[in-house]
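Undergrad: Using the sequences provided together with the hints, build the complete structure.
If you want the building blocks of each chain, they are given just below.
2 protein chains.
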Amino acid sequence: MARLYHVPLSPFCRKVRLVLAEKKIDVELIEERYWEADPDFMRRNPAGKVPILKMNGRTMPDSMAICEYLEEKNPTPPLMPSSAEGRYEVRRLVAWFDDKFHQEVTTKLLYERVNKKLMKQGYPDSKNVKAGARAIKYHLDYMAWLLDHRRWLAGDAMSIADFAAAAHLSSLDYSSDVDWTRSDTVKDWYAKIKSRPAFRSILSDQVPGFPPSAHYNDLDF
Amino acid sequence: MARLYHVPLSPFCRKVRLVLAEKKIDVELIEERYWEADPDFMRRNPAGKVPILKMNGRTMPDSMAICEYLEEKNPTPPLMPSSAEGRYEVRRLVAWFDDKFHQEVTTKLLYERVNKKLMKQGYPDSKNVKAGARAIKYHLDYMAWLLDHRRWLAGDAMSIADFAAAAHLSSLDYSSDVDWTRSDTVKDWYAKIKSRPAFRSILSDQVPGFPPSAHYNDLDF
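First to last, the protein sequences are chains Z and F. Residue numbering for the first sequence follows numbering that gives the first Met the number 0, beginning at 0 and increasing consecutively. Residue numbering for the second sequence follows numbering that gives the first Met the number 0, beginning at 0 and increasing consecutively.
One or more hints might be untrue.
Treat identical chains as interchangeable: a pair holds within one or across any two.
[Said to hold, decoys possible] Calculated pairs, DSS-like style, for lysine-lysine (alpha carbon to alpha carbon, straight line, at most 25 Å):
id : residue 1 : residue 2
1  : Lys48     : Lys99
2  : Lys48     : Lys119
3  : Lys116    : Lys129
4  : Lys53     : Lys99
5  : Lys115    : Lys126
Calculated from the structure, these hints are not laboratory results. Given the structure is predicted, the values throughout are model-derived calculations rather than measurements.
TA: Structural data, given as structure tokens:
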């Protein structure tokens with residue numbers, strides 16, 4: 000069986016978990032407290048990051064490279080459009096969430112509030128938390144704008160771009176950092192993703208010492 | 000004709016320039032001093048970054064999404080292998096250079112020494128410069144290890160992974176930040192890439208106020 004080395008609230012791991020689950024690939028999840036720098040882990044992964052997927056005799060780091068590999072090896076159901084233009088848009092948006100949203104929002108809210116405590120790196124910096132809370136508004140508005148023009152974020156079909164976005168938002172929702180009243184459009188989109196069977200494992204995540212927000216695993220939030 | 004909005008020493012722009020040139024796609028280069036935040040530019044590109052490629056009536060940000068698009072629309076000459084495993088390896092290495100190498104080396108050397116001055120953001124932080132000078136050694140060693148096992152970085156054929164790496168190293172070479180005596184293997188690899196016609200435009204780059212290192216455009220360095 001495939002193995003995924005992960006941490007529960009990592010958006011990069013969650014994106015891969017969602018793709019694996021949509022493609023009905025069974026996977027054993029192994030929690031990897033990479034910040035404790037187990038020498039074995041560093042040997043498996045010189046980049047020192049999660050996720051790492053072990054599958055088909057290969058050890059693979061890098062979440063987007065993994066997702067593209069899974070899409071190419073298991074094309075059903077498709078999570079990328081068939082046109083070059085459509086695929087460009089999926090990749091652009093995955094990079095948008097994994098680079099820009101991650102930098103402006105996820106590192107400022109989730110990492111300040113949860114990861115710092117988990118990793119024993121001190122207290123949240125309130126300047127960062129404020130900046131993150133401000134930035135997420137613009138990102139939710141941008142998503143609402145996209146979803147006013149399209150059924151899913153990158154076009155008319157659900158794609159890895161939706162999973163990249165949902166991975167970040169679900170981790171932030173765990174710590175109550177998403178204001179779902181800001182846009183009905185975005186809330187409806189998230190409700191659709193959240194109710195998919197592929198999302199179940201993510202909704203049952205529990206981080207010791209950090210209970211999830213009350214509505215975190217409520218499909219009718 | 001296609002247009003590329005770029006800055007000369009940006010490794011992300013250089014990777015796209017190399018792919019365009021290998022595929023013999025004519026492009027007009029337009030320098031974009033994005034840090035001066037021209038409102039027109041922000042309209043074209045809400046991510047606020049270069050490169051942006053205008054082509055086939057589309058305005059496209061994100062360097063790797065652009066490269067994948069160019070590869071799909073213009074498959075000759077191929078810059079990605081045909082197997083899913085080979086393509087995974089190219090994508091993993093592009094992410095290695097554009098994330099990890101960029102963070103550990105390029106931001107610490109090039110951005111401290113050149114970009115800060117260009118953007119009027121103060122003086123280089125010597126702690127960063129030292130950390131970057133230390134980190135580049137490990138990266139050169141990793142490249143040498145890969146190249147001892149393969150003809151090119153990601154396998155037996157030249158790929159976008161080679162261009163991602165060469166883009167970072169060429170920008171760092173501009174400011175004399177690469178010690179080519181560290182590995183003959185890496186030096187030979189760079190000499191092969193450097194002598195390609197696709198590299199000419201990059202070797203003729205000039206940044207006002209920052210003359211390139213003496214050997215920068217010397218094919219026999």
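Undergrad: Does each hint fit the structure? Answer for all of them.
TA: Against the structure, the hints come out as follows:
Both within a single protomer and between protomers do Lys48 and Lys99 lie at most 25 Å apart by alpha-carbon distance, with minima of 18 Å and 10 Å respectively. For the homomeric pair Lys48 and Lys119, the shortest alpha-carbon distance inside one copy (18 Å) is at most 25 Å, but the shortest distance between copies (34 Å) is not. In the homo-oligomer, the alpha carbons of Lys116 and Lys129 lie at most 25 Å apart inside one protomer (18 Å), although the nearest pairing across protomers, at 29 Å, exceeds that limit. When the C-alpha separation of Lys53 and Lys99 is checked against a cutoff of 25 Å, the pair qualifies only between copies, where the shortest distance is 21 Å, while the shortest distance within a copy is 28 Å.
Taking the closest pair of Cα atoms, Lys115 and Lys126 come within 25 Å of each other both inside a single copy (15 Å) and across two copies (23 Å).
In terms of the numbered hints stated before, the structure departs from none.
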